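Novice: Protein chains in written order, with my numbering: chain A, 15 to 444; chain B, 15 to 444.
Because the hints were derived from the structure by calculation, they are not lab data.
A hint or two may mislead.
If you only want the chain A side, here are some residues facing chain B, beta carbon under 7 Å, derived [to be verified]:
#, residue
1, TRP36
2, VAL46
3, ILE50
4, VAL79
5, GLY107
6, ASP108
7, ALA110
8, ALA134
9, LEU137
10, HIS169
11, GLY194
12, ASP400
13, PRO407
14, ARG437
15, LEU439
Across the chosen pairs, the derived CB separations fall in these ranges [unchecked claim]:
#, chain 1, residue 1, chain 2, residue 2, range
16, B, ALA427, A, PRO351, 53 to 63 Å
17, B, PHE115, A, PRO277, 41 to 51 Å
18, A, SER16, B, GLU344, 20 to 30 Å
Covered stretches of chain A, going by a simulated chain B footprint (3 or more residues, C-beta under 8 Å) [claimed, not checked]:
#, segment
19, 87-97
20, 145-151
21, 186-193
22, 207-215
23, 224-237
24, 371-381
Given the structure is predicted, the values throughout are model-derived calculations rather than measurements.
C-beta atoms are modelled at their ideal positions from N, C-alpha and C, and glycine is treated no differently.
Protein chains: 2
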Amino acid sequence: MSRVLSTSLSAHVGATVTAAGWVHRRRQLKSVTFLILRDAAGLAQVVVTAADLRARLADLPEESVVEVTGRVVGNPAAPAGVELVDPTVRPLGDPAVPPPFDVYRPELTAALPTQLDHAAVALRHPGRAAALRISAALVAGFRATLDRLGFVEVHTPKIVAAATESGANVFALDYFGRPGYLAQSPQFYKQMLVGVLERVYEVGPVFRAEPHDTTRHLAQYTSLDVEFGFVTDHRDVMRLLREVLAGMLGRLADLPTPPAEIPAVPPKIPAVHFTEALAVAGASPDEPDLAPAHERALGEWARAEHGSDFLFVTGYPLAKRPFYTHPATEDAPSGGPAAAYSNGFDLLFRGVELVTGGQRLRRYADYLAALARRGEPVEPYAGYLDAFRHGMPPHGGFAIGLERMVARLLGVANVREVTPFPRDLHRLTP
Amino acid sequence: MSRVLSTSLSAHVGATVTAAGWVHRRRQLKSVTFLILRDAAGLAQVVVTAADLRARLADLPEESVVEVTGRVVGNPAAPAGVELVDPTVRPLGDPAVPPPFDVYRPELTAALPTQLDHAAVALRHPGRAAALRISAALVAGFRATLDRLGFVEVHTPKIVAAATESGANVFALDYFGRPGYLAQSPQFYKQMLVGVLERVYEVGPVFRAEPHDTTRHLAQYTSLDVEFGFVTDHRDVMRLLREVLAGMLGRLADLPTPPAEIPAVPPKIPAVHFTEALAVAGASPDEPDLAPAHERALGEWARAEHGSDFLFVTGYPLAKRPFYTHPATEDAPSGGPAAAYSNGFDLLFRGVELVTGGQRLRRYADYLAALARRGEPVEPYAGYLDAFRHGMPPHGGFAIGLERMVARLLGVANVREVTPFPRDLHRLTP
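Bound-form chain A, shown alone:
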């Protein structure tokens, strides 16, 4: 099928060409029908004056797929400054059943659950489709940055014998008659592969059996995971993360429909120690973690104080981080003992936790001690601990939540609005 995409029509003024796509909208006026055709690239206006074709279009509801052959003429009022005139229209299949809501309106007006029930149609809304392209561009920027720095992409098991992050919130399955679990992160595998390739990343699904119904949690999300060796400490990891974020966001300006406001990544992202973060957020110095309200306050502070959409919070309390976390190598600025804190950090983006990362333990003896402190047995981790018994460099890494990043970037309230087919407490279809 030789076909000109909507955005390329302007290169064919005066010629007769064939376009194809979905009937986005029909506007029937007294003596003319405007057919708005939607394809992968955008919209094209088709001007129909012939009475028989106008009559036939009445039987081609919105979302029907058609091929349109017509002459391209300039019209500054039309999308992309051109329109198709004197068209012939050939349906490619049966007329569509009209969708349960209008895809052509500026915003989808159906309630979110209705949209999600009919995701195959709702995603056709140009705003929804643009979010998918933004997501793909961010991932492309992530990979391009890391490829340039000598990282290798890996694919690791999603069915595991033991929970990685904690025993809770894990999906259990029947693995050939034995218990298996869906991986909550590729953490153990990316660390083991640092022992092989030094620098690795993975883009893949992670699974959390989140029992809470919130606007920012999903039962499956896409995690952008990085891990690399021969670091000095977590600050090397933070520097790499800054470069990766700049590479990701740098991809967005070229999109046909970029986000309204693409945040700048400061040359050095401001960082506050956990104890300072509590003070800035007005929280009690005894708080063991940052609540969402604290993160919002910190986001506002970073914007006001540093003009930054991004803020590192470093030195999280060791007790709140996973067992593989490296303890702090410096005292807290408040004078608190290093041993209570960690070389783990979070990155807040516009007041929401977007990335978790840090330096990891590397000595086998330290892993044994960390597991013992938490009362965890060693045996389920034997294959993982092998890496540390047999020589591992100092290393660290981070994980970015893709859907959350897109949601925050577009300022949408619910991460489900930018996830093609979300999975949560209540939803397993479509």
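Chain B: place on chain A using the hints.
Specialist: Chain B only, in chain A's frame:
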């Protein structure tokens, strides 16, 4: 840590530099110890003559991680033509526990199950690590080709409410108290997204509860999935696949350790109809499918007859393909009726099925009829069928099994040898 990688040492002849990596091997001679250092890039030879350091090296077993500072001098007999002399060696962590098998030998000699039990160490073998880099390069070539052609990368649900390919071989899990299943393919989602983005691809895990213990099946593998709209028929899909394969294999020559023999992708990959394939393989014309022995025979025939490592088999019997398969639009060359065959194809690579693809149904009524013919209810597919009710273009696609491609490319007998942490009937760790 300022550090020179092994392959870059030759640019520093005469200078004193710092390298870092794993003790790959120690060769203790009468008056000198050669320390072979392994890093992400390759191997470097360190010449140790000082008696005290030679003594200390006796306590740094293979796989210990060290930093070596020394002077770079040319030596044509050393890896990359240079070696480090007058070194200081600083351990980065505790001495390694010696691995259960030697990583430095040309081949791993331990039995495969032992290697897989200790994957964190076995993967450090340069041959194993090279396979991971080949895998990453193939995926990079896959994406680069499709990105250039306007495809958008997507990430779809891996937990689903109904089996996609057939009821068998599916992992069941507890999804918040309801039954859920691990997706056997992203088929339904990539088709729905053709209705949104026209051209999509996904690189992700798929899950098959394979009850058979074979050398070419895994319970989880990486599927490279493509789907696109506005095709004429399956031949457009085959043409795209040819271009994608060329893009993938074109990435390999630049690797530090490419496969010994990179196959050429013919400008037009030879194709035989299923009925011809049976005849070529010496099978009965009544056979409903190709057995592995038939595929091997066809692979040999393609090589002898067409000088090609690749062979398309088109027109598979409709009854053996999934319900979404488009029936054949041409009669079989044997004169068999089109309705019995399909616009579905397989691609054999060196006598093994590597890719399955074809044209899909696009009319809602055709889906209802296809499900009815198989005695399947419509309701579990409602969200998927929405796409077809509300307008879908003619479309098709394919799926490449990544691990199988790497195995065939390297000529290894068992796909587990090139899969970082394989999952099968017996194996759920590490």
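Novice: If any of the earlier hints don't hold here, list their numbers in rising order.
Specialist: 2, 3 and 19
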